[in-house]
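Residues per chain, in single letters:
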Amino acid sequence: MINFDYTKPSTIQNAIGVLNKDAGAQFIAGGTNLVDLMKRGVMTPQKVVDITGLPLKAIELKGNTIQIGALALNSDVAENDLIKKHLPLLSQALKAGASAQIRNMATVGGNMLQRTRCGYFYDTALPCNKREPGSGCGALQGYNRMHAIFGASDKCIAVHPSDMCIALAALDATVFITGPKGPRRILFSDFHRLPGSRPQLDNNLQRGELITGVEVPLNAALAQRSLYTKIRDRVSYAFALVSVAAALDVKGKTIRSARLAMGGVAHKPWRLTAAEDFLKGKEATLNNFQQAASLAMKDAKGYGYNNFKLTLAPNTIVDTLTRLTA
Amino acid sequence: MSNEPEEKPSHSRRSFLKRTTSTAAILAAPPVLVKAADKKLDEKAAQYFETRPLQLEVNEKPYSLQVEPRVTLLDLLREQLHLTGSKKGCDLGQCGACTVHVDGKRVLSCLSLAVMQNGKKITTIEGLQKGDDLHPMQEAFIKYDGFQCGYCTPGQIMSAVACINEGHATSDTEIREYMSGNICRCGAYPNIVAAIKDVAGKGGGQ
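Quick mapping for you: the protein sequence lines, in order, are chains U and L. At position 4 of the first sequence (counting the first as 1) the number is 4 in the numbering used here, and the numbers step up by one without a gap. Heads up: take any position in the second sequence, counting from 1, add 326, and you land on the numbering used here.
Chain U on its own, in the form it takes in the complex (with noise of 0.2 Å):
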């Protein structure tokens, strides 16, 4: 690992601080996703700033909504009995994900900023848009079995890794940040960004603002009747070839509300907003999965090797669903 300078600033003020003076500065938490980066040459910091010691780590219930601080650890969102309480998707998408060593160390908002785990992203000497722009993409014809199905571009075909983040997406959470222009907000589904020309940029996030946490509005009968289903390689301690988070709110046998957010298909947490339409007020029929999920597939496009996620993502929907409403 090529060497770096070290701060541990005690405010957040003092964080976002070094990394406007910096150009070369970048915070750091876990640093599960970071480390590794460095030690393959992928990301080179100059200085890195270690914010473990800022004040963003509760996890508390405000009003009609819990709030989790970004420095939050994995494990511990996963654990926390609010939050298997009134958010069970998202700690079963936490669990999910990773292994308990790492999710001893990955924060909530590390989580959101991890990189995309794409070969040609991770290997230096092959070209990759994200990690060196212009240099072309390896995986849009080449080895693209992990790769998106929806919303990519002719510059970058890979997927956000993170299951935590398509049950915050499903869920309508939205993240708290905080920079030189001072706090601000944005929905989750706006934070991710699709690849477009500038592959580069994950995520809408300007230079040197901080995410602080994130807030997920309460909904008992969503979070009574919600699942995340993550189909791998293997059954444990493996990316997601397709996941899907879902929550229905569901009376008799009609279908009131639908959440419904997919990961492993696209370069962010790709939410099902039709699919979601076309439930609300249908009945809980396989039929109406069926068509729920033909709906959701409607812009889907693979690139040879990840043709499978084709047939895969929608029979991951309507099993989803399926066991959702058994």
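Be a bit skeptical, because a hint or two may be false.
Derived DSSO-like pairs: lysine-lysine, alpha-carbon spacing no greater than 27 Å straight-line [unchecked claim]:
| # | chain 1 | residue 1 | chain 2 | residue 2 |
| --- | --- | --- | --- | --- |
| 1 | L | K431 | U | K57 |
| 2 | L | K446 | U | K57 |
| 3 | U | K47 | L | K414 |
| 4 | L | K523 | U | K84 |
| 5 | U | K39 | L | K414 |
| 6 | L | K447 | U | K57 |
| 7 | U | K39 | L | K447 |
Please keep in mind that the hints were generated in silico from the structure rather than gathered at the bench.
Given chain U, work out where chain L should sit, using these hints.
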């Protein structure tokens, strides 16, 4: 940052490097270039070798150390403290061979920067046994033959102890799920699960 009580770098080494890199640069490059690049180069070179003070406790023994920011906890344990029980498998957070406990929680020491562990209590496989008595989990791994080559074993055992302490060893399925971060290429998994189940049934890890 002026009001921050920051950790101070070791200045003596920095000044030494400033002098020595200047000399090296003068010998290697044309004088005009040297003059322009001199100061920046010195700063950069010095920064690359700068160490930070680090105080931590490893296996109940306090240490006062100096580390470069890039040194991982795993390298610190193995190279500086000569505690070679924690293994370097993939060194990329994928195999679990480097698993240690930090403040009682299992983490991957290969993805942990040592400099970030200031004030923490680390337990490695060397710290599990009490005197001449092996930890019950170490005994169980022997009893159930929970290994072949043994390379992943220290990580497996550290993870297994934590798995029970976390309350995640109530069934075979749960043990497998919560031990999934520890890869065993010999495939000793059934015996590892048996060992953990035995210790969990007898009332726990620590």
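Evaluated hints:
no.: 1; hint: L/K431 / U/K57; in the structure: holds (16 Å)
no.: 2; hint: L/K446 / U/K57; in the structure: holds (18 Å)
no.: 3; hint: U/K47 / L/K414; in the structure: holds (26 Å)
no.: 4; hint: L/K523 / U/K84; in the structure: holds (26 Å)
no.: 5; hint: U/K39 / L/K414; in the structure: holds (14 Å)
no.: 6; hint: L/K447 / U/K57; in the structure: holds (20 Å)
no.: 7; hint: U/K39 / L/K447; in the structure: holds (25 Å)
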